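Colleague: Below are the chains, spelled out letter by letter.
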Amino acid sequence: TQLLEQSPQFLSIQEGENLTVYCNSSSVFSSLQWYRQEPGEGPVLLVTVVTGGEVKKLKRLTFQFGDARKDSSLHITAAQTGDTGLYLCAGASPGTSGTYKYIFGTGTRLKVLA
Amino acid sequence: DTAVSQTPKYLVTQMGNDKSIKCEQNLGHDTMYWYKQDSKKFLKIMFSYNNKELIINETVPNRFSPKSPDKAHLNLHINSLELGDSAVYFCASRGSGGVVYEQYFGPGTRLTVT
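The listed protein sequences correspond, in order, to chains A and B. Its first residue numbered 1, the first sequence is counted upward by one per residue in the working numbering. Its first residue numbered 1001, the second sequence is counted upward by one per residue in the working numbering.
Simulated from the structure, these hints should not be mistaken for laboratory data. Small disclaimer: the values here were computed from a predicted structure and weren't measured. Every residue gets a Cβ at the ideal spot worked out from N, C-alpha and C, and that includes glycine. You may find that some hints are simply not true.
Far from chain B, some chain A residues (derived; all Cβ distances over 10 Å) [to be verified]:
hint, residue
1, Tyr22
2, Gln33
3, Leu45
4, Lys59
5, Thr99
6, Arg109
7, Leu110
Facing chain B, from chain A, some residues (calculated, C-beta under 7 Å) [said to hold, decoys possible]:
hint, residue
8, Glu41
9, Gly42
10, Gly82
11, Leu86
12, Gly95
13, Thr96
14, Phe104
15, Gly107
16, Lys111
So here's chain A without its partners, still in its complex pose (with noise of 0.2 Å):
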């Protein structure tokens, strides 16, 4: 069974500050994929990194896939309130017809505080 864990589970901080949120796996995935999700709405896509070793810089946000494709890491530099969300990993596996799996990590819920 693939299995993504996110760490850390929960996250206060400081805005201005900066922190790493990490998503781990033995499984081998084609693609890594960070949503952030809001109370009431579904997760919205912030990156998809492909290439082992891929980083993708999206504002203060940096996506890291590592070497292996089995891990990843989302960076926030200087956190602002507007940060503040649930953020998922989901990694991606082939499946038929030209098709694709995703299997969604535990989650990183992340509280910026003015």
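Based on these hints, arrange chain B on the given structure of chain A.
Modeller: Then chain B, alone, in the frame of chain A:
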């Protein structure tokens, strides 16, 4: 325009009842999914359809039956509802054929079984 829509947003019902949740996407995607998010915010795939064909059927009780009348719609019917079915159910859609295609989620349906 809403990309992926679900109805109803909230559903409160009693044990033993039968209920349906509807999902529609206007993105022209071939693949649609149903996910269940439990009280701990863990998101787990239930079903996936590609071009109206069921391609992923995780270990889900037979009381859950998805139906896809066309590529743009994927409905979920639940028979004999149980307390443990209480959760938020998300529909998602995705284009097929490439690993980097995005998965778009609906706003979710919060099901409460009393």
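Colleague: For every hint, state whether the structure bears it out.
Modeller: Each hint, compared with the structure:
No beta-carbon of chain B comes within 10 Å of the beta-carbon of Tyr22/A; the shortest separation is about 17 Å. At the 10 Å boundary, the C-beta of Gln33/A falls inside the reach of chain B, the nearest C-beta of that chain being 7 Å off. Taking the minimum C-beta to C-beta distance to chain B, about 5 Å, the non-interface status of Leu45/A is violated against the 10 Å cut. Residue-level check passed: Lys59/A sits 18 Å from the nearest beta carbon of chain B, beyond 10 Å.
For Thr99/A, the shortest C-beta to C-beta distance to chain B comes to about 5 Å, within the 10 Å cut-off, and the non-interface label is violated. Listed as outside the interface, Arg109/A is inconsistent with that label: its C-beta sits roughly 7 Å from the nearest C-beta of chain B, within the 10 Å cut-off. Chain B leaves Leu110/A outside its interface by the beta-carbon criterion, the shortest separation being 12 Å against a cut-off of 10 Å. The criterion of a C-beta within 7 Å of any C-beta in chain B is met by Glu41/A, whose closest approach is roughly 6 Å, and the hint holds.
Against a cut-off of 7 Å between C-beta atoms, the interface hint on Gly42/A holds, since the closest Cβ of chain B lies about 3 Å away. Nearest Cβ of chain B to the Cβ of Gly82/A: about 20 Å, over the 7 Å cut. The hint is violated. The restraint placing Leu86/A at the interface with chain B holds, with a minimum CB-CB distance near 6 Å, inside the 7 Å limit. Proximity of Gly95/A to chain B holds as hinted, the smallest CB-CB distance being about 6 Å (cut-off 7 Å).
Taking 7 Å as the C-beta contact cut-off toward chain B, the hint placing Thr96/A at the interface holds, the least distance being around 5 Å. A least Cβ separation of about 4 Å between Phe104/A and chain B falls short of the 7 Å threshold, and the interface hint therefore holds. With 7 Å as the threshold, the beta carbon of Gly107/A comes within range of chain B, its nearest partner Cβ sitting at about 5 Å, so the hint holds. Of the supplied interface hints, the one on Lys111/A is violated, with its beta-carbon coming no nearer than about 14 Å to a beta-carbon of chain B, more than 7 Å.
In this structure, the earlier hints numbered 2, 3, 5, 6, 10 and 16 are contradicted, and the remaining ones agree with it.
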